[in-house]
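Asker: Chain residues, written in single-letter form:
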Amino acid sequence: MRTEAKVLLSLGTSFGVMVVVYWNWGHENAGSVMMFSGMLLCFLPGSYFYWWSRRMKSRVEDDPQATQTQGAGIVGAFPGTSIWPFTMGMGAFFVVLALVFGIWLLVPGLGLMVWALFGGTAEGRRGGKH
Amino acid sequence: MTDVLDPPIIEEPSGHEEHLEEHLGPTGIVKWITTTDHKVIGLSYTVTAVIMMVIGGVFAEIIRAQLTSPNNTLVSLAQYNELFTMHGSTMIYLFIGPFAFGGLANIIVPIQIGAPDMAFPRLNALSYWLYLMGSITMLSGFFVAGGAANFGWVGYAPLSNSINSPGAGADLWIAGLLLTGFSAIFTGVNLVATIFYLRAPGMTMFRMPIFTWNMLVTAILILLAFPVLTAGLIMLYCDRHFGTHIYSVAGGGVPVLWQHVFWFWGHPEVYIIALPFFGVVTEILAVFSKKPVFGYKGMVFATMTIGALSLGVWAHHMFTTGVVLLPFFSIMSLLIAVPTGIKFFNWIGTMWRGEVWLSTAMLMSIGFLITFLLGGLTGIYLASPPLDFFTHDTYFVVAHFHSIVMALMLGAMAGLYYWGPKFTGYLLNEKYGKIQFWFLFIGTQVFTLPQYLLGLRGMPRRIGVYPLHPSWQYLNQISTVGAVLVGISTVVFIANVAVSWKKYPAGDNPWDGHTLEWFTTSPPPHHNFYRLPQIRSERPTWDYNHPGHRAAEHGHGHDADSHEEVPAP
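Read top to bottom, the protein sequences are chains R and W.
If you count by numbering that gives the first Met the number 0, then the first sequence holds residues 0 to 129, one letter each, in order.
If you count by numbering that gives the first Met the number 0, then the second sequence holds residues 0 to 568, one letter each, in order.
Calculated from the structure, these hints are not laboratory results.
This one's a predicted model, so the numbers in the text were calculated from it and none came from an experiment.
Note that CB positions come from ideal geometry on N, CA and C, so glycine has one too.
Just to be clear, a hint being listed does not mean it is correct.
Not the full set, but computed from the structure, chain R residues with beta-carbon under 8 Å of chain W [to be verified]:
#1 17
#2 19
#3 22
#4 33
#5 35
#6 39
#7 52
#8 57
#9 59
#10 84
#11 88
Covered stretches of chain W, going by a simulated chain R footprint (3 or more residues, C-beta under 8 Å) [claimed, not checked]:
#12 87-93
#13 196-204
#14 505-513
Heads up, incomplete: computed chain R residues facing chain W, CB under 8 Å, no partners named [said to hold, decoys possible]:
#15 8
#16 14
#17 15
#18 23
#19 42
#20 43
#21 60
#22 61
#23 77
#24 82
#25 102
#26 104
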């Protein structure tokens, strides 16, 4: 976990250095704000990973001497099939078409998206089909 | 196929057989619609992206045909504007990016790190549907009154407002980009989470293959860049329809803000599309030189440095606006050449004194190196403001980035020839592949090199007709010949897929590969692995197949075939 944190924190730090130089040199708003936000976007998960890496036990994937048997067991729940991503995608499709062809398309669009939201959540609670 | 290095390893599967049972799922179209398997989704992505490449290529051929002679009337000027806009949009938004991070990375990254699937399989499926529907949305602009978007793939602000570009085509372009943008963001989230949380035991960060490293940095860049584009597009839509004046001077807005927002996405996007193919080429050069990657850590740090610098270079696209900090962006852009140079030295070092096997994938990778070098070196010229003032918006710029993206195209083909056998189970015909390579490689140079000269002789970009000017005309004609050669190479590729359809079974490890994807079957089973080797270096499959080759500890027996050891490089 430490290396993951370092990747994000070092990217964030370099953006931070860049935004300090850029702002003091150019006084340009848009780019400075975007670079600053980019820095925050790296620091947010990066500092969380760093904080967590000091408190957790070392994971087998971070152990250079780990054997495969140490990693045996359930890795996670991976649903084999699900219709809800497709439903959600079609909903999003109708929503953006509403931007072009008329507001009424929001009805099927948001309808499908909400349906997929509930359906997908319920499926996730059940653990999904394999 | 000439020679297959290793027979597939036949061994009793041992241990961890919880997931061994065959996955009995739906088939056919129901499988396509409901799947959450990263390999099926990745294959859908790959096929869709190649179709987009063909569509964008047809646009390109029409553009080149129009430019064959001055004052040509093959297409009208309005149609020409739509064609070059949609050519750029299709190739950048719908082909090369999704092909890299949705297609290749989606299939290969989880297998390379020993994961059973992507971290969020259903989000992964949603990414694909958003990408597919976004592509359809964008291209459907051709079927509405007024035609497709016609303001260039960059959609600069005063031109893309509702007065200069009325009609549904422009809105469909925005709508399609919103969908593909979210698709990219979701894929980025998925890749980062997969790489951080689903690695196999012993697969530490500094044992990950370079392709996976590059995809990690790519995914982080996606997360940094794409939300900016999405926000910019929503503001553009508001300007067009809700009467806001964010990008118009009339209401106190700033048109150049669009350029800032667009290129703040647009330049990291260049690395988002380039880094995956750097990774592809690194893998291929190492495997087909029978050597480990030269300077593994140097490669990782070069990738990280490119990622770190990528957020500070966007305004080198805006030097001629006169409102950007020229020295800052010039220095930052020139600095990018340093990590890229490190990569080039390492690529050459990887091949140096190796047993180079010039398979199609290797040829494509070497073609990538040469073409990318041409594009990269001319990029260094363009990073210098005085030279950029002279060449901005001329064909010199067009030639520069076509050298870059055609190099990526070679990298994409290299990836398909290298990993295609893994995810389909069948090799492609090498003879056709080599014919394709020569058409593609020579065609690329014939089509880009005259454009550099055209640019230096003053021909502007995005013009459908040009005055009678002898040197412009013959250079354009040479360029068109090159474009036709590239077109033929695509036809050869499709013919190759047809000819070698399920004809040459690949086996598990046709190239004597280094990384984990060559340890599992071709195509990999549901959840990817029946068993995993001990991971003690950045090339676990090689260590397993060549015990004693490295001093690293090997957890398995010595039953793997032990053919002649190559001398340690």
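Asker: Next step is simple, just say for each hint if it's right about the structure.
Answerer: Okay, the hints, checked on the actual structure:
| no. | hint | result |
| --- | --- | --- |
| 1 | 17 | 4 Å, holds |
| 2 | 19 | 11 Å, violated |
| 3 | 22 | 10 Å, violated |
| 4 | 33 | 5 Å, holds |
| 5 | 35 | 10 Å, violated |
| 6 | 39 | 10 Å, violated |
| 7 | 52 | 11 Å, violated |
| 8 | 57 | 10 Å, violated |
| 9 | 59 | 4 Å, holds |
| 10 | 84 | 4 Å, holds |
| 11 | 88 | 3 Å, holds |
| 12 | 87-93 | violated (count 0) |
| 13 | 196-204 | holds (count 8) |
| 14 | 505-513 | violated (count 0) |
| 15 | 8 | 11 Å, violated |
| 16 | 14 | 5 Å, holds |
| 17 | 15 | 11 Å, violated |
| 18 | 23 | 10 Å, violated |
| 19 | 42 | 12 Å, violated |
| 20 | 43 | 11 Å, violated |
| 21 | 60 | 4 Å, holds |
| 22 | 61 | 6 Å, holds |
| 23 | 77 | 5 Å, holds |
| 24 | 82 | 5 Å, holds |
| 25 | 102 | 11 Å, violated |
| 26 | 104 | 11 Å, violated |
When the structure is compared with the earlier hints, violations turn up for hints 2, 3, 5, 6, 7, 8, 12, 14, 15, 17, 18, 19, 20, 25 and 26 and for no others.
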